[in-house]
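Asker: Taking the hints into account, I'd like the entire structure generated from these sequences.
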Amino acid sequence: MSDTAKVTSLEQVVIRFSGDSGDGMQLTGSLFSNLSAIYGNEISTFPDFPAEIRAPQGSLSGVSGYQLHIGSKNIHTPGDLADVLIAMNPAALKVNSCAIKSNAIVIADQDSFDKNHLEKAGFVTEDPFEELQLKGIQLILAPISSMVKDSLAETGMDNKSILRSKNMFALGLLCWLFNADVEQAKHLLENKFKKKPAILQANLKVLQDGFNYGHNTHSSVSTYHIDPTDLPKGTYTDVKGNQATAWGLIAASEKSGLPLFLGSYPITPATEILQELAARKDLGVKTVQAEDEIAGICTAIGASFAGSLAATSTSGPGLALKSEAIGLAVMAELPLVVVNVQRGGPSTGLPTKTEQSDLLQALYGRNGESPCVVLAASTPSNCFDYAFMASKIALEHMTPVILLTDGYLANGSSAWRIPSMDEFPAINPPFVHKEMQPTWTPYLRNDKNAVRYWAFPGMEGFSHRVGGLEKDNQSGCISTVASNHQLMTDLRQAKIDAIADVIPELNVQGNPDADVLVVGWGGTFGHLYTAVQSVNKQGKKLAFAHFNYINPLPKNTEAVLKRYSTIVVCELNSGQFAGYLRSKIEGLHIVSYTKVQGQPFTEAELTEQFLTLLNNDK
Amino acid sequence: MSDTAKVTSLEQVVIRFSGDSGDGMQLTGSLFSNLSAIYGNEISTFPDFPAEIRAPQGSLSGVSGYQLHIGSKNIHTPGDLADVLIAMNPAALKVNSCAIKSNAIVIADQDSFDKNHLEKAGFVTEDPFEELQLKGIQLILAPISSMVKDSLAETGMDNKSILRSKNMFALGLLCWLFNADVEQAKHLLENKFKKKPAILQANLKVLQDGFNYGHNTHSSVSTYHIDPTDLPKGTYTDVKGNQATAWGLIAASEKSGLPLFLGSYPITPATEILQELAARKDLGVKTVQAEDEIAGICTAIGASFAGSLAATSTSGPGLALKSEAIGLAVMAELPLVVVNVQRGGPSTGLPTKTEQSDLLQALYGRNGESPCVVLAASTPSNCFDYAFMASKIALEHMTPVILLTDGYLANGSSAWRIPSMDEFPAINPPFVHKEMQPTWTPYLRNDKNAVRYWAFPGMEGFSHRVGGLEKDNQSGCISTVASNHQLMTDLRQAKIDAIADVIPELNVQGNPDADVLVVGWGGTFGHLYTAVQSVNKQGKKLAFAHFNYINPLPKNTEAVLKRYSTIVVCELNSGQFAGYLRSKIEGLHIVSYTKVQGQPFTEAELTEQFLTLLNNDK
Amino acid sequence: MHAITYKPQDFKNGQSVRWCPGCGDYAILNSLQKAMAEVGVSPDETVVVSGIGCSSRLPYYVNTYGMHTIHGRASAIATGVKTANPKLSVWQITGDGDCLAIGGNHFIHAVRRNIDLNIVIINNEIYGLTKGQYSPTSRLGFVSKSSPYGTVEEPFRPAELTFGARGNFFARTLDADLKTSQEVMVAAAQHKGCSVVEALVNCVIFNDGTHKDIADKSFRADRTIVLKHGSPMIYGQNQDKGLIIEGFNLKSVTLGENGITEKDILIHDAKCIDPTLHFKLGNMKGDLPVALGVIRDVDALVYDQAVEKQIRTVQEKSKNKSLSDFLHSLETWEIK
Amino acid sequence: MHAITYKPQDFKNGQSVRWCPGCGDYAILNSLQKAMAEVGVSPDETVVVSGIGCSSRLPYYVNTYGMHTIHGRASAIATGVKTANPKLSVWQITGDGDCLAIGGNHFIHAVRRNIDLNIVIINNEIYGLTKGQYSPTSRLGFVSKSSPYGTVEEPFRPAELTFGARGNFFARTLDADLKTSQEVMVAAAQHKGCSVVEALVNCVIFNDGTHKDIADKSFRADRTIVLKHGSPMIYGQNQDKGLIIEGFNLKSVTLGENGITEKDILIHDAKCIDPTLHFKLGNMKGDLPVALGVIRDVDALVYDQAVEKQIRTVQEKSKNKSLSDFLHSLETWEIK
Ligand SMILES: Cc1ncc(C[n+]2csc(CCOP(=O)(O)OP(=O)(O)O)c2C)c(N)n1
Ligand SMILES: Cc1ncc(C[n+]2csc(CCOP(=O)(O)OP(=O)(O)O)c2C)c(N)n1
Ligand code: SF4
Ligand code: SF4
Ligand SMILES: [Mg+2]
Ligand SMILES: [Mg+2]
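Chains as they are written, first to last, in the numbering used here: chain A, 117 to 734; chain B, 117 to 734; chain C, 8 to 343; chain D, 8 to 343.
The set of hints was computed from the structure by calculation and includes no laboratory data.
Here a beta-carbon is modelled for each residue, glycine too, at the ideal position from N, C-alpha and C.
Any given hint could be a false lead.
Said to hold, decoys possible - Covered stretches of chain A (chain C as the covering partner; in silico rule of three or more C-beta atoms under 8 angstroms from a C-beta of chain C):
#1 150-157
#2 351-359
#3 367-380
#4 410-423
#5 440-446
#6 531-539
#7 575-582
Answerer: Dropping the structure here:
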């Protein structure tokens, strides 16, 4: 480590918190993340939960992680390799040794590097750092456990409780290292532990101890500082993708004036949407935790018929189960939001890992010609916007809308300026009105966008029947007439196609004049954007277009794509969006760059891939 | 009608039988169809069931029809418009008036054209023929009911039973009209009514009466004769698509030496597969009528794990429900045949009508990267062959195979030479063998085709666990390792891709030197083939390629398609196969010709379409 | 609102009914329309939800809001309708296949949760619409298109399954018994919570006469008993038979024989919380008459109302009146 | 074959078990392995099928053929395994969520059909694997991540639901009671037909102590009774309590008090065909001890065997030995 005491200014830094499930690393991480955000930095975070619910203490499978990317600007991902690693035990060190830069700062709890813990983590020598060949790292080995024990000896707390404050020591150390405001950190703690004064006091004390320890012991070490960004004014909070999704639905409910109903069944990584909404009884949200996914969507379809903004949330296997019922909503032309938080597949697959492999299922996973709208969010916080838009489109166009997010967005978080509801457009469902009588029929449509008008129980004089059998376009009665079926098939498609008129056009970022266009969709935005930027910075030319609207595609899609000689479609599956674009637009030259590993892209691999491609093209 | 008694020789004729559900038209039709087949004609038939189970007598919604196409050769469809219509009542006449040629022969039961029946059929005048503007038809108006009553007056049968023989009178008349052998017809009846001697006698008598009536009363009328074909020698029977599918599975069971298990749930138009197999206890077939589609496929997956040739049968909505479980079979790499008899969609749609709109669902309707094999039968009788091939591929490549048929194939029938089992290839599932131990693991694969070896309960020393979570390629244990997931994803795809090595190449029919290639898949074969032939006969050039293997595509697909400047993909959906081909092969110029009306193509509309296209191309 | 009264006519619409001539479903439709009129909820506030099956076509023929949905899901969809808007009167019309085969899970969960639905199971012991396969209520050994050698599985008994799922209302009726049908449907509608009505119905085409052994007019009175809460369990052509308890079993006795008088006869208590006797009454057959009428009718916590109540309670205590309120109540910070 | 005997060790494999330290599932796994050894079917002829959940991970830890399938479908998959090959000994291991939420329909149908499965429901009254949402067996008012203000729905009682689905074998055990666990699992395996074992199990992480009110050693003997067929229903720390019938109800009495002697105490008859008393025994709580042990064990037609028998019968009468025979037996004609 450096010998002179100085403050180095950084543009950005990646910090990885890691320890046993019980070590409170998620909390430490999110506190430091908030602290940075409050200071005015951009942040992006991603947790890395252990596969088991509670693996044996000190074991490799029990390591819980949290990655935080802080920067002055342009922070779009939690970062690739960490600059700083907090490792509360040897297992944490081992699990993360490949996830850090070669010259990373590693803060470790010296007390936990005893024989017992080393063995549990499967080390065979006594020097784990040597064994892992961590040669270039800057190590801050602090006897955290013993110092915490000393510090809280007089509180009368038992040993186990005392050790729970270890994470606060680490937080204090980090505050010192990054010249963060300890007082602000204390404020956050005060809020968090409002109702547990004893724990609060202990934590406050240990936090300060950690800070002091850094300051005193390593006063000669270089510390860091990250300039604050010029963020838009406003009130900010920390938001995870799943929360943002849930709140976006509530926003749409308020904007439309319709009650929000969620019918759902728990499934990783979508469960928090249900939980978040179940907790929002203060805002009148109704949730039904159904007996399965089919019942989840079916209760929502019932609620939609009854006049609610109805939604259901799930992940891949659940979407498969819901496919028949989505078809019913298509046929009955009822508004419905289906949130699918993608995870690794096929089958049960890799429930806790991220992937984008449900795209074709969302587009085509139903019997018959059954078009519905597909959207994809691309950052944790814009899950709010797309949940809102999904609801708006569903309600205004009387159609099911599938909103795709993924495990990476769902659990990732960023700082989010709480918007005013005025910033969002009005939602005007096509309610029937009295003047339509007596000629109104259930399939009476708005000529402009082929949307049928909506009547629901309680509306006098509009009683009618909907259902899954083909209906006559005029009377709404069951019809097996050949020409009517063609007409209705075409109308259902036309209704979806017409939505292209109300969604934003595709815009090109990076260097629009390039020959090569990078295309992405959904949750890969941050990594793609960052990599494209980095390639352009290196003097190469690369254009970039990212899709949030998948079906229908933005109106200008063909025009935009045809401008480029090569299109590199990057996605976390085996090429689904690439195939979709090919199937929709003839004459494109598409290169498919894919990864199916349950992991997001890394900026590094993307950058390398793009550079290779551009070099080969030359 | 013609005045001179003569026998006109015909190449082919389309006959439509039609009457009340209770009139026995399906039986009459199939008897005459068998009669023609026995005589050595080619035949193709299609029933047209009423939408209601038992609509009121004489009503339009109660009309039941049966179309029969007989010819010397080249009979690939039940034909478009009928040359001869048997109409047992006014409703039957009305319903079918658009389905006959302008100069068709219409045989009608004069007795049923009374005021009461005319009203029930919604006629407003007393002359239904005039009202329907059937000017050019040749009418044979016979007092069928009264003659039958007279004929059987002395049998002591009650009126209702007597009138049940009306259809035999019609059959007799037809025998006369087509110079068919009445004795042969009597043989057929004798077989059919072996166990009901009284009914048999009545029917035999009325049959002869009908023949005599024609002979005596209209002796001056022209009758017809269709030359027999040079059919391959052998024993023939009449087969419907659903039967053929069921029997093809049994054949595969015999060839593989594995017991056949079907787990299914009734659904139109697939139910007969279950029924047919439930009746084959003599051949040891086990069927479970499950509580729903999910249980249907899940029992089959269990049976497959236990070492059976396992299958499940369904239609579109059922396939949607089965999608999650198909993913399990993909992941566990278990053999499974999923028969999907397509019907009109979306949702419950048009259950009794045909369509090809489940293609994309079959290909993509599962979460995650979940490749499986998709085949499509193209004639009622080759449902046997493709059910056999589906089983063979499933068993030899340890994968689910989806076999697509449709309502048209399922209910349509043709004469079928009963093959000897020697004509079919052997089926050799990749069973584990003792020598593989002790290094065998559940995912040990054959390097050549990436197929894992199969061990099932009862095999000593091979106990193991399979499941829906991603598994380590070596040990078969649960794995969340990134690189392993990529490897397994790639292997599952490679295994399917390798099947292209064992399936036949695509062959081009029609005029291979044309610029335009007509492409079809599945149940549209007969209509497309006939229309292409007819266009080529008219001196135009049209090539034709029909797909039975959808995923993987035949190896030479790209090479074949690239030979043509324009590819017209014709299908009964909104362009699914067209999109699929585009997504797989860049640089094709595909024109999509589609129809979504719950009806097969007609030869006429296809021919017209092709001619227009070729003319525009010039 | 209470002033308005309805006639069965108000629940009819012009649609031509498409069941087979002689189908038992017609009788159920008529009884339902009469019951709806008697219950008196406006057609505009009534919703009829069904799945798929001949019986499930019923919503088309009732002049209310209606959903003819997908096979087996009616209970779940109805749950959504009712929970979203508890003010509506929600009926689920379903078949033995729709409700107890593919729909079994949603059914038992709707019963358990005690959603305030009126579920009418039209039990013809067959899959009618798909033309004659056995159903989960078809009797052991039943020969059908899909069981050409007879089934080898015991059927469900809807009463038993309802009680197994902790049901609080169960009634049974016969298509031919219009009076009882109307009565039990009215009772079902008046019961707060999930009401299950099993209607024994004839399918003339594929299972003709399946209920004949009890339904035939000539002996119906001797082979069935119409239970009435608070009344003695007396039945028979001559009203001379009755039910008593012997040990843990029910027994049919004849009044006047062996000194039995009306006093010895059990009084029907549909309101008894313990379901044991209802269970036995629901299962009677053979020597015992098949029970029609309301067998169980017990009040309990109703899901859709409890959901609303919980929301009200939380709202009363909460300061958050809007999403903005809530978001600003989180841990936030200002960027100025 | 009968000569070979197995040890629990033979049913263990090297896989490291991944439940949370202290999870009740460990005890069930051990009991199962002991029971399997006692039953004595070879590991190669034993299949363990599960769905998804913490509990459903169990097959990985048993050295038999195993399927860890998809959520809720274990009963259906096991039905397929057993029907395809009735010689196998087939176990289904499932959770309260897996079996009674998403899997409810397959479960009740497996019970009704009486497939010869041994179903062990590991009931921890919570969704463990998804980290703590309430399940269909969670008690009314239960606060969980998905019911932050408490549930408003009654739970299923697995015994009741099993009987409602016409089940013929039901037993209950406690994770902590290894002896009873092993005993009931052996009995389940020996029972021909569908056996349901409810194991009350603790989830230390998300529902710690949920069965504590009966499981705690200090009062377990007073709050539970281990039923044994043919033995009097006596229980309690001092074996001085017993059950008697009073009217239609069960009652707990103390031996020696009010002149009660062992003779007055009910003898457990698990083989009684009428399920009424089993129903009541299965539902005991509050003043009555929770019943452990085998509550019902009645022989009935077994589906998988009946299927085979029907096939044999048909085959004996049929001339068709092959598909060719059959095809040629149809209406055919020759073209020469
Ligand atoms: C998902 C799905 N599976 C199967 C079917 C086919 N299907 C329609 S109705 C029915 C059974 C109907 O039986 P039931 O509910 O008893 O009604 P019924 O016709 O006897 O009144 C079946 C199997 C379907 N429409 N959808
Ligand atoms: C189709 C599907 N839906 C939902 C899930 C998510 N999921 C996995 S396990 C589980 C519940 C498990 O509860 P239980 O069966 O009681 O098992 P436990 O973990 O408590 O042992 C859920 C909802 C899934 N894997 N698949
Ligand atoms: S088939 Fe049976 S249930 Fe269906 S309408 Fe006809 S008689 Fe009624
Ligand atoms: S979460 Fe609960 S059920 Fe799951 S392993 Fe841990 S203790 Fe057991
Ligand atoms: Mg029925
Ligand atoms: Mg559980």
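Asker: Hint compliance check: list the failing hint numbers for this structure, sorted ascending.
Answerer: Nothing - there is no hint that the structure violates, so all of them hold.
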